[in-house]
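**Student:** Hey, can you piece these two chains together into the complex? The hints should help.
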Amino acid sequence: MPCVSADGKPTKSGIEMLSALKGGASTPDALSGATGMPMFRVRSGLRQLVNAGFVKQVGDNYQLTPEGSKIVP
Amino acid sequence: MVILMEEKTDEIRLPLIGEKAPDFEAATTQGTLRLSDFEGSWLVLFSHPADFTPVCTTEFMAFSEIYGELKKRNTELLGLSVDSVSSHIAWIRNVEEKMGVKIPFPIIADLNKEVSQKFGMIHPAQSKTETVRCVFIMDPESKIRTILYYPLTTGRNMKEILRIIDALQTTDKHKVATPANWNPGDPVVVPPPGTTEQAEERTKEGYDCKDWYLCFKKL
Numbered sequence: 001m002p003c004v005s006a007d008g009k010p011t012k013s014g015i016e017m018l019s020a021l022k023g024g025a026s027t028p029d030a031l032s033g034a035t036g037m038p039m040f041r042v043r044s045g046l047r048q049l050v051n052a053g054f055v056k057q058v059g060d061n062y063q064l065t066p067e068g069s070k071i072v073p
Numbered sequence: 001m002v003i004l005m006e007e008k009t010d011e012i013r014l015p016l017i018g019e020k021a022p023d024f025e026a027a028t029t030q031g032t033l034r035l036s037d038f039e040g041s042w043l044v045l046f047s048h049p050a051d052f053t054p055v056c057t058t059e060f061m062a063f064s065e066i067y068g069e070l071k072k073r074n075t076e077l078l079g080l081s082v083d084s085v086s087s088h089i090a091w092i093r094n095v096e097e098k099m100g101v102k103i104p105f106p107i108i109a110d111l112n113k114e115v116s117q118k119f120g121m122i123h124p125a126q127s128k129t130e131t132v133r134c135v136f137i138m139d140p141e142s143k144i145r146t147i148l149y150y151p152l153t154t155g156r157n158m159k160e161i162l163r164i165i166d167a168l169q170t171t172d173k174h175k176v177a178t179p180a181n182w183n184p185g186d187p188v189v190v191p192p193p194g195t196t197e198q199a200e201e202r203t204k205e206g207y208d209c210k211d212w213y214l215c216f217k218k219l
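The listed protein sequences derive, respectively, from chains D and Y.
In terms of the numbering used here, the first sequence is residues 1 to 73.
In terms of the numbering used here, the second sequence is residues 1 to 219.
Calculated directly from the structure, the hints in this document are not laboratory data.
Possibly wrong hints are sitting among the right ones.
[To be verified] Below, computed lysine-lysine pairings styled on BS3-like, alpha-carbon distance capped at 25 Å:
{"#": "1", "chain 1": "Y", "residue 1": "LYS175", "chain 2": "Y", "residue 2": "LYS128"}
{"#": "2", "chain 1": "Y", "residue 1": "LYS118", "chain 2": "Y", "residue 2": "LYS128"}
{"#": "3", "chain 1": "Y", "residue 1": "LYS173", "chain 2": "Y", "residue 2": "LYS143"}
{"#": "4", "chain 1": "D", "residue 1": "LYS12", "chain 2": "Y", "residue 2": "LYS71"}
{"#": "5", "chain 1": "D", "residue 1": "LYS12", "chain 2": "Y", "residue 2": "LYS102"}
{"#": "6", "chain 1": "Y", "residue 1": "LYS102", "chain 2": "Y", "residue 2": "LYS118"}
[To be verified] Listed next, with one range per pair, are the computed distances between beta-carbon atoms:
{"#": "7", "chain 1": "Y", "residue 1": "THR32", "chain 2": "D", "residue 2": "THR27", "range": "17 to 27 Å"}
{"#": "8", "chain 1": "Y", "residue 1": "PRO54", "chain 2": "D", "residue 2": "GLY23", "range": "44 to 54 Å"}
{"#": "9", "chain 1": "Y", "residue 1": "ARG73", "chain 2": "D", "residue 2": "ASP29", "range": "45 to 55 Å"}
{"#": "10", "chain 1": "Y", "residue 1": "LEU14", "chain 2": "D", "residue 2": "MET1", "range": "25 to 35 Å"}
{"#": "11", "chain 1": "Y", "residue 1": "GLU141", "chain 2": "D", "residue 2": "GLY24", "range": "21 to 31 Å"}
{"#": "12", "chain 1": "D", "residue 1": "THR27", "chain 2": "Y", "residue 2": "PHE24", "range": "49 to 59 Å"}
{"#": "13", "chain 1": "Y", "residue 1": "ILE17", "chain 2": "D", "residue 2": "PRO73", "range": "47 to 57 Å"}
{"#": "14", "chain 1": "Y", "residue 1": "PRO184", "chain 2": "D", "residue 2": "VAL50", "range": "35 to 45 Å"}
{"#": "15", "chain 1": "D", "residue 1": "LYS9", "chain 2": "Y", "residue 2": "SER86", "range": "15 to 25 Å"}
Just so we're clear, the structure is a prediction, and the values are computed from it rather than from any experiment.
For every residue, glycine included, the Cβ atom is placed at its ideal position computed from N, Cα and C.
This is chain Y alone, in the form it adopts within the complex (with noise of 0.2 Å):
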């Protein structure tokens, strides 16, 4: 039997863990924001399905809560979706007048979609007109480092948004992994030993071993 593979060049490849991502220049609730802007930062980029829906209220809201969080972590955080800065700003001039909640970070209004087909953030599935609830974590030079997709009906979890970078950073800094369920101050990963001998050197270096490619130790 053969197949017929119809070829396709017009077809846009996902950004993945570990590539750079695109870059993009979008109208924001805070002006025309290009994505290298935000190098030097950790980013947070996320997608909403739409301005003015309940869900997407409350995590608006969480992220505005954690907001300062993120600051410390050198973070910065860049919302989008398929609607207008009119509409962005009217939604979070109303969360605030009636909410109390000041949304402090830009939201790319992506009406023609072409941030959000860039990164994968329309389902045609769920919906063909609204993004689902993506995250993409980067790095400070714009590395894809994490992927996050969530179905228009379940909200976010900020802890577990904070929880990554915590570990991201850790990895970083310590060249080290983090297990499940790891939060700051638990125990890590040391990486498994690549030859024998360091598997024999690593018995002597005072790390919790379980067996010889299972130590964590205590930062």
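Chain D on its own, in the form it takes in the complex (with noise of 0.2 Å):
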């Protein structure tokens, strides 16, 4: 499912990821592993939370920016 929605703002799946990430999850494989979501769903719903602003790409990890840290604060 797509992780941000036409407004912008993150879905469900995305709000997952995002949480995922704050509990330390920065990899791919390991947001697979954290969310039970399949590959090819983690890594297009991280090219959508990038390009919305919510994670940034750091080398082979991925972080949460201010604004993904907002949502899952």
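**Tutor:** Set out below in structure tokens:
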């Protein structure tokens, strides 16, 4: 499912991914393990969350941006 | 006689067995996906002619039934037709409501036929607007390992799709081939020897050899 809706807000799946990132999962593999989502959905979701400014990629890892942290304080 | 050949530079060359599949980005019922998002898993990319049609409905129910078996084989499913996301959503909701079957895999909405043309899924003599029933089985590196084409009127055989995946994964793991009508547990074919020395050696290896070029073994 998309992680960001048409109005730019994270969806239920998006919030699940942001929560997993906050919980320490920082790679697609770890996010797939933490959320139970298949890898193709994690990769697609991360792309959407990065484009929407909720997540940033640092090397092979992903981190919450300040905008993302506001969603999962 | 001189035959003039017209040079066609804009022709789309279909991906063939052994080649890496061309990447794409497409709208699906589970968001925008790229083919490369599936790397690391085996993938069955399949097309169907249209939503809300009888044979396709039976196929989608059948694909859903084997979804668990596919997951056990580290294999994902990705459907495709020249319909919109809204049409796909309406159809899969209808299948769930009327047939009690949930469709767990994404379906590409290929309205501009970009993906279907890349993969040769439209056969104009069958239909200029609908995709025929294609199956592309790809390995975790997105290399095409099997291509199947079925006409509009013939639904696919799920057992055969599972059997092909089992055969390909067995081949990769054990460096063997699988004979006609092979199923998991059956003897496999040992690759033919490349030298006379290997041909001589294999007679001592305990294989079930019908002749030097046709040897079976149990895994």
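**Student:** Hint by hint, where does the structure go against what was stated? Just the numbers, ascending.
**Tutor:** When the structure is compared with the hints, numbers 1, 6, 9 and 12 turn out to be violated.
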